[in-house]
Amino acid sequence: MLRREHGPCVIHRTRALDCGGLVPDGNLTKVTKSPRGRDGRRSHLRLVPDPGEPHGPTAGVDIDTTPSVAVLETLLETLSLDLAAVPAALHPVIAEASVARSASMLADQLWPAGRPDEIGEVERFFWADAARVLGERRDLESFVLLTSLARTVGPAGRLPLQRAHVSRLRTQDAVPEWVTRIAGFRLTSAIVSEDITGDGLSVVLDYDDEQHPHTVVVFIDNNLGAIVKDVFVGPPVDRVLEAYQRGGRVTIRTVRPSTAAGIILQALGETRDYDEPPVSEDFEFFTDLLVNRLTQLPERPIRPPIRPLLSPRQRDQLVEEFLETAPPLPEDAADIVRLWIDHAVDHTVGGPLRVSAVLVELFLAHWLPRKVLADSTYFDAVPVVVKAWLRFAGDRTQLPLDAIDEAVDAVDVWQPALEAAAMVDPVGSKPGERVFLDDTTNDLEDAYRALAGLGSPPQPDLRGLDNSQAATLSVLAPHAWLMAGETLGTAYAADAFDIAERLVRDAPDLLAKARLSTWPRAIVWLLAHRHRLVGPGETLTPYALATDLSSSPATLRKTAKLLTDTLILPL
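Reading the sequence shown from the start, the letters are residues 1120 to 1690 in this note's numbering.
Do not rely on the hints blindly, as some may be mistaken.
Distance condition first, Cα-Cα at most 30 Å in a straight line; then the derived DSSO-like pairs of lysine-lysine [unchecked claim]:
no.: 1; residue 1: K1632; residue 2: K1506
no.: 2; residue 1: K1632; residue 2: K1680
no.: 3; residue 1: K1677; residue 2: K1632
no.: 4; residue 1: K1490; residue 2: K1506
no.: 5; residue 1: K1632; residue 2: K1490
Pairwise CB distance ranges, derived in the manner of DEER restraints [as the list claims (entries may be wrong)]:
no.: 6; residue 1: Q1517; residue 2: A1663; range: 53 to 63 Å
no.: 7; residue 1: R1277; residue 2: R1434; range: 46 to 56 Å
no.: 8; residue 1: I1315; residue 2: R1434; range: 17 to 27 Å
no.: 9; residue 1: N1586; residue 2: T1609; range: 23 to 33 Å
Worth flagging that the hints you see were computed from the coordinates, not collected in a lab. Computed from a predicted structure; not experimentally measured. Ideal Cβ placement from N, Cα and C applies to all residues, glycine included.
Construct the complete structure from the given sequences, taking the supplied hints into account.
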């Protein structure tokens, strides 16, 4: 069971268990479990050898593409496990989703099984033999699988599977009503529910079936470039609407099914452009069902209108309008607001006037610290300016006051991210100047990783922390990890991360005794001395290390002593 943040509660299936390795006859020389996907499932088969292994028979040898019975047995087991995890009312929907996913994964594996001119033949032979095997059986489980395959597999296998299904239907005893409904639902209506802060929207597809009414809900995340982040099956549409209306802070409109399909298919295209998109487990399970249903609608999907671009001149004009009405602000206000507008327009969906606590987090904790090198003079001005901009934009868009206040409060929560990113010394000729790492260069974090050979930092455990502590830890620990890896080597990154986590959890009051940006540097200083990387005969001297860390030996020595005096650190 999963708790949903963006829609009504839903019910699905369990993760399928391992079934063991299988070795069939023929050219499918190795049938193994596919690697664990993002959703953790290991329930599907890899039908071809790994890329580095010998590939098929030599030229002139007849290719046997007969799939083993074991392949279908594994599909049966996967389907049975998925059905066992849900109420009977959802069986036709889950059967459709389970087999659609299996068929899609099998198609991906069957394509490289032959040489380029044999690709289509391999898939056709596979499904023809699967139809023969399932058509000869008489048990109900195999009939359910055959029914699902006949209604979900693409053109390569549809005809033989449908023939086998019709043949078995004449002689199959006691077919449950729900089996006849698999992949037979008709889309009757669609609604779009959008958060008033513009963080995302849910497209709700209504299947008002008399026996098995349900919805398919698709959540599109505007903060990630309008990708599909979640797909799940929900209760009948009236209960979905009731839940949205009870929760408030959403606008709801009815759209044509073809319009809903266009919105979803465009967002799925954006999702495919991502490397490892941050999608839910249910996205993995229900996407093939969703695509099958949308591409079989009688009307062609209507593509959403192209989002209007905001020219540099229009962005500058918006900054001027803000400054004309704003109270007295720091001299960097125009620059900071322009950066906010650029981030909102170029990296999210919804326009420059969108007011959102999530957008505040993305800007203050993620984008700005990685795009701008500046000292505390510049970063200290950011919270004041951003708060003024949020109030200006909220008034312009007539956003409810509680939504504006929520976004303004988020500035205080994520301000520690700016403090941690501040350089000790000015980056220009005077305090307050900044250097912008534009989109043609690597992010600051990526630059650290390239220098140190690091991957992505681990994610800190934020359980049990209040908002302020969680924000501090989410910034401090990765910074310490990156700085230690870049300065001392990758072997010391994990220790730096652990010390930062201990500091926030075990001695939060200690944080006030030094600037937040000093703590990662002090942690690196401490590790260098504990591991005897500094001193006579070593490549690092105290002064050289302090220079690398953009600080002074006295400051680092004093702050590191606070750590050793307060925390019990492992030797």
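Hints, verified against the model:
{"no.": "1", "hint": "K1632 to K1506", "result": "holds (27 Å)"}
{"no.": "2", "hint": "K1632 to K1680", "result": "holds (12 Å)"}
{"no.": "3", "hint": "K1677 to K1632", "result": "holds (10 Å)"}
{"no.": "4", "hint": "K1490 to K1506", "result": "holds (20 Å)"}
{"no.": "5", "hint": "K1632 to K1490", "result": "holds (28 Å)"}
{"no.": "6", "hint": "Q1517 to A1663: 53 to 63 Å", "result": "holds (57 Å)"}
{"no.": "7", "hint": "R1277 to R1434: 46 to 56 Å", "result": "holds (51 Å)"}
{"no.": "8", "hint": "I1315 to R1434: 17 to 27 Å", "result": "holds (24 Å)"}
{"no.": "9", "hint": "N1586 to T1609: 23 to 33 Å", "result": "holds (32 Å)"}
Consistency note: the structure conflicts with none of the earlier hints.
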